[in-house]
Amino acid sequence: MSIETTGAGALILVLVMAGVTLATRWGGVYVMSFVPIGYRVKQFIGAMSGSVLVALLAPMALEGDNGARLALLATAATMLLLKKPLPAIAAGILTAALARQF
Amino acid sequence: MTNAETTLHLFNRHSVWAGFKKLAPVSLFVVIFGAAFGLAAVQTGLDESVILAMSTLVFAGASQFAALELWGPQVPLLTLVITVFAINARHLLMGATLYPWLRHLPPSQRYGVMLMASDANWAMAMQAFNSRQPGIGLLLGGGLALWASWVLGTWLGVHFGGAIEDPRSLGLDMVMGCFLLAMVVGGEKNLRMLMIWIAAACASLLAYWYLPDNSHVVVGALAGGVTGIFWPEKRREH
Numbered sequence: 001m002s003i004e005t006t007g008a009g010a011l012i013l014v015l016v017m018a019g020v021t022l023a024t025r026w027g028g029v030y031v032m033s034f035v036p037i038g039y040r041v042k043q044f045i046g047a048m049s050g051s052v053l054v055a056l057l058a059p060m061a062l063e064g065d066n067g068a069r070l071a072l073l074a075t076a077a078t079m080l081l082l083k084k085p086l087p088a089i090a091a092g093i094l095t096a097a098l099a100r101q102f
Numbered sequence: 103m104t105n106a107e108t109t110l111h112l113f114n115r116h117s118v119w120a121g122f123k124k125l126a127p128v129s130l131f132v133v134i135f136g137a138a139f140g141l142a143a144v145q146t147g148l149d150e151s152v153i154l155a156m157s158t159l160v161f162a163g164a165s166q167f168a169a170l171e172l173w174g175p176q177v178p179l180l181t182l183v184i185t186v187f188a189i190n191a192r193h194l195l196m197g198a199t200l201y202p203w204l205r206h207l208p209p210s211q212r213y214g215v216m217l218m219a220s221d222a223n224w225a226m227a228m229q230a231f232n233s234r235q236p237g238i239g240l241l242l243g244g245g246l247a248l249w250a251s252w253v254l255g256t257w258l259g260v261h262f263g264g265a266i267e268d269p270r271s272l273g274l275d276m277v278m279g280c281f282l283l284a285m286v287v288g289g290e291k292n293l294r295m296l297m298i299w300i301a302a303a304c305a306s307l308l309a310y311w312y313l314p315d316n317s318h319v320v321v322g323a324l325a326g327g328v329t330g331i332f333w334p335e336k337r338r339e340h
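The listed protein sequences correspond, in order, to chains L and W. Residue numbers are given in the working numbering: position 91 of the first sequence equals residue 91, and the series is strictly consecutive. Just add 102 to wherever you are in the second sequence, counting from 1, and you've got the working numbering.
If you're looking for bench data, these hints aren't it; they were derived computationally from the structure. No residue lacks a Cβ here, since even glycine has one placed at the ideal position from N, Cα and C. Treat the hints loosely; a few may be bogus.
[Unchecked claim] Calculated lysine-lysine pairs in the DSS-like style (CA-CA distance at most 25 Å, straight line):
{"no.": "1", "chain 1": "W", "residue 1": "K123", "chain 2": "L", "residue 2": "K83"}
{"no.": "2", "chain 1": "W", "residue 1": "K336", "chain 2": "W", "residue 2": "K291"}
{"no.": "3", "chain 1": "W", "residue 1": "K124", "chain 2": "L", "residue 2": "K84"}
[Claimed, not checked] Rough simulated footprint, nothing fancy, chain W against chain L, three-plus residues with beta-carbon under 8 Å:
{"no.": "4", "stretch": "18-30"}
{"no.": "5", "stretch": "39-52"}
{"no.": "6", "stretch": "56-65"}
{"no.": "7", "stretch": "81-88"}
Throw the hints in and build the complete structure from the sequences for me.
Right, here's the structure in full:
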């Protein structure tokens, strides 16, 4: 089924997108309210929280251009060195911008 | 992972404002992303009211860009639903990881603060919780900063989008990636975490190459979670 994007159709599509996104924001919390939080569940959740980010970043690092890779490298190095996120992010963006000028 | 102590879920006007200020620098970049989205949406042919409604109500950049790819005279509804769900499925994991703290809140607040859940403020909140600091103020206040910036940026892009010709050449597409990496590197580091991250990264890449589009985040996160069960932390409390 397709929806025309003329008139109210476009707004209906936006509302559908909003509904689906809201379901993802609420769904995890809702499901967890039925799961007893024991030791294993805690281990799982704790391990998963960092893994979400790693899973987002891995293809970015491997499939990205050299600018992207160098940016991530600069961010990681600065973060390890200074332990402050803002300089780390700034170093990453600057590195990407510089790498892409050539 | 730490125990959910009884007071870490508390938040008030001050901690929300502090969260807003903490995420404000990153929000400046979100304005630029928003502008890039607004410009792309105008070029795709969406009306201003539809574009602003989308950024206000959906507030999930990657899925909004993906929706533009599907946009035409007609949009296939099921494809749109599946695409948006797959890209935003990581919110399910965010909600689950926040639950040990959110469960102490009444349901209206619990679901209310989740309205503002997105990558950056969730990562900040989790980092706070894991070092036994209160995090809901960061989640809600930071989320409000990001949301306001996203909507403002979208509006700017609709009206003045031509001003940013190539955000990529300025490295601006890497803001979120660098931010999230800084959160990972700034978090707990030990052999167990390293193994979990390797499992997550490998599973994510395999899913990225061989499974349907947009499944890699969920697959990688679940693989990392399962690794955490099989390699549990040493019990230290009780």
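Structure-based check of all given hints:
Proposed proximity of K123 of chain W and K83 of chain L is supported: the alpha carbons are some 19 Å apart, at most 25 Å. Of the pairs offered as hints, the one joining K336 of chain W and K291 of chain W holds, with about 15 Å between alpha carbons and a cut-off of 25 Å not exceeded. With a C-alpha separation of about 13 Å, the suggested pair K124 of chain W and K84 of chain L falls inside the 25 Å cut-off, and the hint holds. Evaluation of the coverage hint for the stretch 18-30 of chain L: fulfilled, as 12 residues show C-beta separations to chain W shorter than 8 Å, against a requirement of three.
Three residues within the 8 Å Cβ limit are the bar, and the stretch 39-52 of chain L against chain W gives 13, so the coverage statement holds. Counting residues of the stretch 56-65 of chain L whose C-beta lies closer than 8 Å to any C-beta of chain W gives 7; at least three are required, and the coverage claim holds. A stretch counts as covered by a chain when three or more of its residues have a beta carbon under 8 Å from one of that chain; for the stretch 81-88 of chain L and chain W the count is 4, and the coverage holds.
Consistency with the previously given hints is maintained throughout, with no hint failing.
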